[in-house]
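Enquirer: What follows is the residue order along each chain.
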Amino acid sequence: MASSSLKKSKNFIFYNLNLKSKFLIPDRTSAITNSLFHHRLLHSISSPPSPPVPKYASYSQLNSAIFELACLRRRLHSTTSVSNDISQLAVEPTSHQVLDFPGGKVKFTQKLIFTSNSTEERVHCYRVLDENGQPFTDIDSSLKISKELAVQMYTNMVTLEVMDTIFYESQRQGRISFYATTTGEEAINIASAAALDSKDFVFPQYREPGVLLWRGFTLQEFANQLFGNKYEYGKGRQMPIHYGSRKHNYITVASTVATQIPHAVGAAYSLKMENQDSCVITYFGDGGTSTADFHAAMNFAAVMEVPVIFFCRNNGWAISTPVDEQFRSDGVVVKGKAYGVPSIRIDGNDALAIYNAVNEARKMAIKEQTPVLIEALTYRAGHHTTSDDSTRYRSTDEIERWRGDQNPVKRFRKWIESKGWWNDVAESEYRSSIRKQVAQAIQVAERIEKPPVAEMFNDVYDIPPKNLKEQEVFVRKTVKKHTEDYPSDVPL
Amino acid sequence: MLGILRQKVGGATGLSSQGLGNHMLRLRPVTSALRNYSSATKEMTVRDALNSALDEEMAADPNVFVMGEEVGEYQGAYKITKGLLDKYGPERVVDTPITEAGFAGIGVGAAYHGLRPVIEFMTFNFSMQAIDHIINSAAKSNYMSAGKINVPIVFRGPNGPAAGVGAQHSQCYGGWYGSVPGLKVLVPYSSEDARGLLKSAIRDPDPVVFLENELLYGESFPVSAEVLDSSFCLPIGKAKIEREGKDVTITAFSKMVGYALKAAEILEKEGINAEVINLRSIRPLDRATINASVRKTNRLVTVEEGFPQHGIGAEICASVVEDSFGYLDAPVERIAGADVPTPYAANLERMAFPQIEDIVRAAKRVCYRSAPISATAS
Chain A
1 MASSSLKKSK NFIFYNLNLK SKFLIPDRTS AITNSLFHHR LLHSISSPPS
51 PPVPKYASYS QLNSAIFELA CLRRRLHSTT SVSNDISQLA VEPTSHQVLD
101 FPGGKVKFTQ KLIFTSNSTE ERVHCYRVLD ENGQPFTDID SSLKISKELA
151 VQMYTNMVTL EVMDTIFYES QRQGRISFYA TTTGEEAINI ASAAALDSKD
201 FVFPQYREPG VLLWRGFTLQ EFANQLFGNK YEYGKGRQMP IHYGSRKHNY
251 ITVASTVATQ IPHAVGAAYS LKMENQDSCV ITYFGDGGTS TADFHAAMNF
301 AAVMEVPVIF FCRNNGWAIS TPVDEQFRSD GVVVKGKAYG VPSIRIDGND
351 ALAIYNAVNE ARKMAIKEQT PVLIEALTYR AGHHTTSDDS TRYRSTDEIE
401 RWRGDQNPVK RFRKWIESKG WWNDVAESEY RSSIRKQVAQ AIQVAERIEK
451 PPVAEMFNDV YDIPPKNLKE QEVFVRKTVK KHTEDYPSDV PL
Chain B
1 MLGILRQKVG GATGLSSQGL GNHMLRLRPV TSALRNYSSA TKEMTVRDAL
51 NSALDEEMAA DPNVFVMGEE VGEYQGAYKI TKGLLDKYGP ERVVDTPITE
101 AGFAGIGVGA AYHGLRPVIE FMTFNFSMQA IDHIINSAAK SNYMSAGKIN
151 VPIVFRGPNG PAAGVGAQHS QCYGGWYGSV PGLKVLVPYS SEDARGLLKS
201 AIRDPDPVVF LENELLYGES FPVSAEVLDS SFCLPIGKAK IEREGKDVTI
251 TAFSKMVGYA LKAAEILEKE GINAEVINLR SIRPLDRATI NASVRKTNRL
301 VTVEEGFPQH GIGAEICASV VEDSFGYLDA PVERIAGADV PTPYAANLER
351 MAFPQIEDIV RAAKRVCYRS APISATAS
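Protein chains in written order, with full-length UniProt numbering: chain A, 1 to 492; chain B, 1 to 378.
Hints were generated in silico from the structure; no laboratory data involved.
Heads up, some of the hints might be wrong.
Short, incomplete list of chain A residues facing chain B, as computed with Cβ under 10 Å [stated by the list, open to error]: (1) 232; (2) 234; (3) 246; (4) 252; (5) 266; (6) 454.
Computed from a predicted model, the values in this text were never measured in an experiment.
C-beta: ideal position from N, C-alpha, C; glycine also.
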């Protein structure tokens, strides 16, 4: 097991500031010094704790990734009410006595000080491209994106955008019963999928069809699911947008919020037992982080040391609940620290930032068998679903602003155009081609038969039980006997 | 010698233990001649039965793993998982933080990916924290994914009342889980049931809720060599007729099977020959066996410890009315726990759950013998 040398024993040994000893894991020293990220404690450095890591302001390069030091900054003792809790290390502990407590030695203090409920400065956000799609001057250029990959990412983002618009309209026209768009989160969908391997298992919430799209799910397959026809993989059993595909390693979407997060941890545990070169990723929104499942899963993943990426799409809104009514912490990234999970905050509308971060997170997760939390700041530019009218709880100005310069598709387009890889002609040709394809897919899907009644009773169990077989026979007899009461186009 | 024994019994392995058990009983005079084979009358506690079943299944399939609170270092809150941590290591016997929702969800996720978790709830009362995962993430998944995601998971633990543990530790969940399509719900009584049903549950590709009983853990039952064999499995969905009779059918499960058998002995002395059915499986419910029995005896008493409304007795009564109405000579009687949160005081607790006398009185009532209405019936 990759992490055998890192396995936590029953007696944790944390650092002792006086000793300034090093806890290095031999084969990763280079990784640590070269890495952009500081890892959580047990696997971490200890280049002398002094000088203490300075305040965030000195990490002024917006291009550098800052992973929170999870355990290095233990705040069990002396915390100052100064908002920047890292500065405590600058203060000499007032006592050299330690309490040898389960979990590690703890220093005492005579200062009666509480940690602040918030930090003066929020955790910085990793970004590569500015609003005009221009890369910052000193980004880490170790990750090169080829033209092919960039164009593929861009075209997938456009496909997602177009597909969303047309499918949404089809719901408005009454052709499908329900739809949820991914508007504003195209970069998250496509860029994160691009950074993963196709065998990495995906546990989505419901706003990540772009991941499936990247992996090769066709427009026709999407349309079939929305219309619940006999070719769709769910056999007509689920609401629209509840896609799933075994061959694409994308688990079926469930309506229950955040239940996929502990599932992802369990699947990652299975991967760990199999010792595979693969990780699991799970997506959820800002609202999902309030659920019990999120907390249990994060905690477990850290304790069990499993290769899972927790990807939070903080898009500002959980239906009508804005984030400041969802939590009072500095977003979701700080919660990673609380559970001992390395975390990062990234610009969720910057495709390159997402690509880089997920790429790095994946390597970390697999190599060190650790969970990683990514909080992507973005905006839900569309309504929650077709059952929602978000203008009732937020201003249209706000929505328009985020559809402007911050729009992830536009920003990425500016970048690839500046590289000479795309232009207006290609854009209009591509968009009109996709529009035709989506419309075509809808027309075809609409005409295909619905699944037969026989499928209503299958798959409840592995082997159909007697009572269901009897019921199916009974249903067929009834339909045959009273054909006038049943739709003629539903096959038996 | 055992081979010859099997021949006499008329079949290879694979006979249901019910059939085999009856044969074994009848053949006892023959086997006693083979005095060197004492395995026929070995006794085993339910706890050991469960432990050995888990042990054997974990040895046979490396994907099987156990997860729950206190299952590892503590050897199990009720010592069901004793010795497993030492034998299989912390990867396969996982001690968890306190979050049923968390570890049930994680177990389901592991099952999605191909492992075969056995999730232990310290009692099924705590499963309410995880019930969303049991029902929405496990039970419905095969259907909602059109057969692409199966969840070969087992949720096990003590169910129903123990002794003096109060309302939040005494509820029976048979009715709750028994109503969910996609789940299988098993209720073992004896050690043979425990071994055979747990092995079947672990091997089953569908999610199984395995309701044990804390007070039965320490009880010993005779087990045959067949039961002790590591390939021994009981079919899911088949009830067992523990005691044949012709005057009244008494259905029960878990601890109440023992009570029903004792009630049957008392009734025998009064000339009422009761047939006792050990349900073994709440979902699927063995309607065929129950109805066949009622058609024979024409009278039915159902016994359960759970709350009466929407309980197992209600379902059995409906099934019999649907399938065997013409055969009933008396209305069906349900004996169930009192419709109150379980009180703690010993005298009150005793009145809140069926006792042997209640079963005896109910059987007499359906046989139209005079019997005073007990305080708990109505």
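Enquirer: Next step is simple, just say for each hint if it's right about the structure.
Expert: Results for each hint:
1. 232: Given a least distance of 8 Å, the restraint on residue 232 (chain A) holds.
2. 234: 5 Å, holds
3. 246: It holds, given that the least Cβ distance between residue 246 (chain A) and chain B is near 5 Å, below 10 Å.
4. 252: 4 Å, holds
5. 266: This interface hint holds because 3 Å falls under the 10 Å limit.
6. 454: Where the cut-off is 10 Å and the nearest Cβ of chain B is about 13 Å from residue 454 (chain A), the hint is violated.
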